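Please work from the sequences and hints to get the whole structure.
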Amino acid sequence: MTKAELVDKIAEKANMTKAHAERALNAFLETVEGTLVSEGKLTLTGFGTFIVDERKARVGRNPRTGAEIKIEATKVVKFRPGKILKDAVK
Numbered sequence: 001m002t003k004a005e006l007v008d009k010i011a012e013k014a015n016m017t018k019a020h021a022e023r024a025l026n027a028f029l030e031t032v033e034g035t036l037v038s039e040g041k042l043t044l045t046g047f048g049t050f051i052v053d054e055r056k057a058r059v060g061r062n063p064r065t066g067a068e069i070k071i072e073a074t075k076v077v078k079f080r081p082g083k084i085l086k087d088a089v090k
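According to my numbering, the sequence shown is numbered sequentially starting from 1.
No wet-lab data here; the hints were simulated from the structure. Just to be clear, a hint being listed does not mean it is correct.
[Stated by the list, open to error] Subject to a maximum C-alpha distance of 20 Å in a straight line, what follows is the list of computed PhoX-like cross-link-like pairs (lysine-lysine):
id: 1; residue 1: Lys83; residue 2: Lys41
id: 2; residue 1: Lys70; residue 2: Lys83
id: 3; residue 1: Lys41; residue 2: Lys3
id: 4; residue 1: Lys41; residue 2: Lys18
id: 5; residue 1: Lys41; residue 2: Lys78
id: 6; residue 1: Lys70; residue 2: Lys86
id: 7; residue 1: Lys18; residue 2: Lys3
id: 8; residue 1: Lys75; residue 2: Lys56
id: 9; residue 1: Lys56; residue 2: Lys78
Remember, it's a predicted structure, so these values are computed and weren't measured experimentally.
Quick look at the structure:
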């Protein structure tokens with residue numbers, strides 16, 4: 001599903017215009033991003049938890065040449081689904 005398709009679904013389910021649905025979705029995404037940057041964790045009960053985690057530096061291999069390369073440490077976002085979401089997907 002693309003963002004445009006998601007906006008259409010939100011507009012349909014919430015009985016609002018596509019413009020309002022897109023603004024609501026953008027506000028939600030900006031809030032999630034801001035919360036992860038500032039707090040590092042966001043829990044949506046029943047849906048799941050987004051967590052910012054630290055990935056350590058490590059040595060990898062260039063698949064084309066086989067040469068070793070150093071991969072820098074970085075932060076990544078992980079998602080753990082909640083029980084309601086897990087049950088819905090089963």
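Structure-based check of all given hints:
1. In summary, the hint linking Lys83 to Lys41 is supported, as the alpha carbons are separated by about 18 Å, within the 20 Å threshold.
2. Proximity of Lys70 to Lys83 is assessed by CA-CA distance (about 38 Å); at most 20 Å being required, the pair is judged violated.
3. At most 20 Å may separate the alpha-carbon atoms for a hinted pair to count; Lys41 and Lys3 exceed this at roughly 23 Å.
4. Distance restraint check for Lys41 and Lys18: the Cα-Cα separation of roughly 30 Å exceeds the 20 Å cut-off, and the hinted pair is therefore not satisfied.
5. For the proposed pair Lys41 and Lys78, the alpha carbon gap of about 10 Å is at most 20 Å, so the pair holds.
6. Using a Cα cut-off of 20 Å, the hinted pair Lys70 and Lys86 is violated, with the two alpha carbons roughly 36 Å apart.
7. Restraint check for Lys18 and Lys3: the C-alpha separation of about 12 Å stays at or below 20 Å, so the hint holds.
8. Between Lys75 and Lys56 the CA atoms are separated by roughly 9 Å; this keeps the pair inside 20 Å, and the hint holds.
9. Of the pairs offered as hints, the one joining Lys56 and Lys78 holds, with about 15 Å between alpha carbons and a cut-off of 20 Å not exceeded.
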